[in-house]
Amino acid sequence: MVYKIMLQSKFGIFLESLVITIVILIIGFSLGLYVESIRTNKIVEEYKNFEIEALDLKLQNYYYQIMGESSCNEAIKQNFIFADDLYEKGLQLEKYEEANQITNELSREKKRYVLLKTELWLNSVLLKNKCNNPFDTLVYLYEADPGSSLKVAQQKVISNTLKTIKEEKGNSVILLPIAGDLTLRNPDDKMKLGIVDMQIRIYNITKLPSLIINEKTVLSGFQTAEEIEKYLKK
Amino acid sequence: MNFLTSVYIVMFFFGIFFVMIFIIIHKKNLKSLYKSPEITKYPLVSFLVPAFNEEKNIENTIDAILKIDYPKGKKEIIIINDGSIDKTLEIARRLEKKHKEIKILDKPNSGKANSLNDAIKLVRGDLMAVTDADSYPNPDSLKNMVGHFEDEKVAAVTSRVLVKNKENWLEKFQVMDYSIIAWTRKLLDFVDSVYVTNGPLSIYRTEVVRKVGGFDPKNLTEDIEITWHILNEGYKTRMSYNAIVYTTVPSKLKNWIKQRVRWNLGGIQTVHKYWRTMFKKGAFGYFVIPYVSASFVLALIGFALLSRYLWVKGSYYLVSFYYAFKGYNFLKYTEFSISLTLLLFTASMFFILAIYYYKTGFKHSETGSKSIISILLYSFFYRSLYIIPLLIAIYKLTKGDIRWYTK
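Just so you know, the protein sequences line up as chains A and B, in that order.
Start counting the first sequence at 1; every next residue gets the next number (our numbering).
Start counting the second sequence at 235; every next residue gets the next number (our numbering).
Rather than coming from a laboratory, the hints here were simulated on the basis of the structure.
Fair warning: this is a prediction, and the values are worked out from it, not measured in the lab.
Do not rely on the hints blindly, as some may be mistaken.
[Claimed, not checked] With a Cα cut of at most 35 Å, we get these calculated DSBU-like pairs of lysine-lysine:
| no. | chain 1 | residue 1 | chain 2 | residue 2 |
| --- | --- | --- | --- | --- |
| 1 | A | K111 | A | K230 |
| 2 | B | K262 | B | K486 |
| 3 | B | K547 | A | K151 |
| 4 | B | K488 | A | K89 |
| 5 | A | K207 | B | K547 |
| 6 | B | K488 | A | K230 |
| 7 | A | K151 | A | K163 |
| 8 | B | K400 | B | K593 |
| 9 | B | K265 | B | K377 |
| 10 | B | K547 | A | K166 |
| 11 | A | K233 | A | K89 |
| 12 | B | K406 | B | K515 |
| 13 | A | K128 | A | K89 |
| 14 | B | K309 | B | K269 |
| 15 | A | K130 | A | K111 |
| 16 | B | K265 | B | K290 |
| 17 | A | K42 | B | K331 |
| 18 | A | K128 | A | K230 |
| 19 | B | K306 | B | K275 |
| 20 | B | K308 | B | K341 |
| 21 | A | K111 | B | K547 |
| 22 | B | K488 | B | K406 |
| 23 | A | K163 | B | K547 |
| 24 | B | K290 | B | K331 |
| 25 | B | K547 | A | K169 |
| 26 | B | K387 | B | K337 |
| 27 | B | K275 | B | K406 |
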């Protein structure tokens with residue numbers, strides 16, 4: 001009854017406006033969710049493919065371990081193809097994540113991504129041991145959630161520097177940016193991703209961002225390209 | 235969903251809701267926009283013209299009032315000389331000798347509200363019109379306004395203020411601004427929510443003004459305060475879109491800021507005085523008070539969001555500059571691109587509706603249709619300046635330069 005009186009009076013305008021506003025917001029919200037779900041699905045799909053590639057690479061690695069040094073070139077080539085693909089995908093994921101305002105679905109994919117890269121790192125270490133250290137590994141451990149925009153920018157400068165080194169050195173360097181602060185379940189969870197946490201402890205890393213060069217040298221904070229290059233083979 | 239996204243959504247919700255209200259009011263009342271009620275009786279109208287150092291304008295203002303088309307003997311003019319130290323009083327005396335309907339109240343300087351309160355004692359008319367001494371009502375303005383008082387619940391009627399001086403960029407933006415203010419006020423009229431009776435020309439029912447104790451001298455915008463007081467007493471206020479008055483607007487940014495600081499301070503003082511009526515007493519409590527309060531809050535949140543955005547982007551560039559000096563690549567803007575998300579869809583809808591609203595407003599104003607570029611400049615540049623006087627006003631209030639008060 002009150003509703004009918006409201007609609008018939010001139011004050012029904014407020015009710016009408018409220019209803020239309022809610023409809024507009026729902027449409028906007030639905031479109032936003034739709035676009036993000038398409039994007040997330042695409043990423044999830046690509047990660048499934050990556051997981052297959054990673055498994056394939058692991059099996060290839062076992063094979064090369066058994067077959068001897070003659071197969072090193074092929075193994076290294078495959079390793080680099082996968083590493084480059086994974087790196088490109090990481091940049092894409094970062095952009096998607098910046099725009100993701102609604103859901104946290106991408107954060108799960110990010111954890112998978114970190115685990116895949118760690119697996120690639122371990123695979124690369126095995127290859128290096130097997131094939132007489134033919135390339136360098138640069139593992140860049142950064143903060144996925146740095147808090148301040150200044151730190152985000154600082155990390156961007158560091159990743160740009162590393163990107164430049166990678167572009168210069170090509171297939172003699174494997175660059176692996178790995179988020180070092182991801183937790184196992186939710187952001188409040190104190191338990192970190194085990195394998196990443198283990199590396200941080202092994203290399204005695206106290207602050208992020210840090211750089212692990214060839215599993216020997218650890219450089220913390222901002223470093224110039226020249227400083228980093230000092231520790232590379234060529 | 236993170237906190238910031240929720241804040242944006244709340245902002246866009248209120249933004250869309252308010253714009254939608256105005257769009258619907260416009261659609262439903264298209265035919266009544268320019269209608270003025272018929273006058274069956276012509277009450278005596280007393281014009282009160284408070285003047286402080288207005289030697290340059292007073293004569294033209296009085297001349298404009300004298301030219302107003304209204305039955306002979308039904309109009310009186312009271313010039314209140316508020317302690318002017320220029321030739322205002324001299325000019326007023328000369329005019330008084332020439333026109334018998336003019337009276338002068340000469341008093342020491344005490345501000346506009348006190349001047350009006352002193353003059354109310356001399357008012358003979360059932361209606362009293364307040365006109366600033368630098369404003370010029372059109373000849374047909376009174377006839378377009380008086381008819382509204384045939385409804386006994388109507389206690390105040392305001393006019394459409396247009397800009398007289400339109401030379402520089404600031405004045406031109408104010409031409410647009412006054413058009414939108416008038417347009418919005420007219421639309422609010424259809425839901426009994428005219429919450430400002432402007433200084434350049436507004437008419438009040440004398441007995442109601444006396445009943446509410448006149449104008450509040452503690453408030454910096456006595457015209458807003460008295461309107462809220464009238465609404466709070468259960469009376470109605472109206473706006474006549476056909477009643478036009480020209481006023482002189484600030485030509486310099488410094489003066490514009492000074493004027494707007496006063497408007498903001500007065501507005502905040504008024505909200506503070508009447509906030510207890512929120513969600514009581516019809517349109518006033520359910521719409522006017524929440525709408526005006528929300529406008530202040532949303533403006534501040536909008537400023538906070540914009541500042542945060544600029545800070546985040548600025549930080550990137552600061553760091554980038556620092557490292558650029560060390561010989562590293564400058565961070566590219568494209569590295570922080572925004573893709574289509576929920577916020578962008580919602581924001582687009584808000585901006586489209588807001589632009590449509592402005593476009594319609596200009597179409598019904600003296601300026602006529604405006605190009606999208608002009609509207610965008612008005613919306614994003616000129617309207618952004620609104621935050622400066624608001625922040626100064628808040629600073630003055632928190633510093634204690636201006637008093638909060640409730641009684």
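* Enumerate the violated hints, using their earlier numbering and listing them in ascending order. => 2, 4, 6, 12, 16, 17, 27
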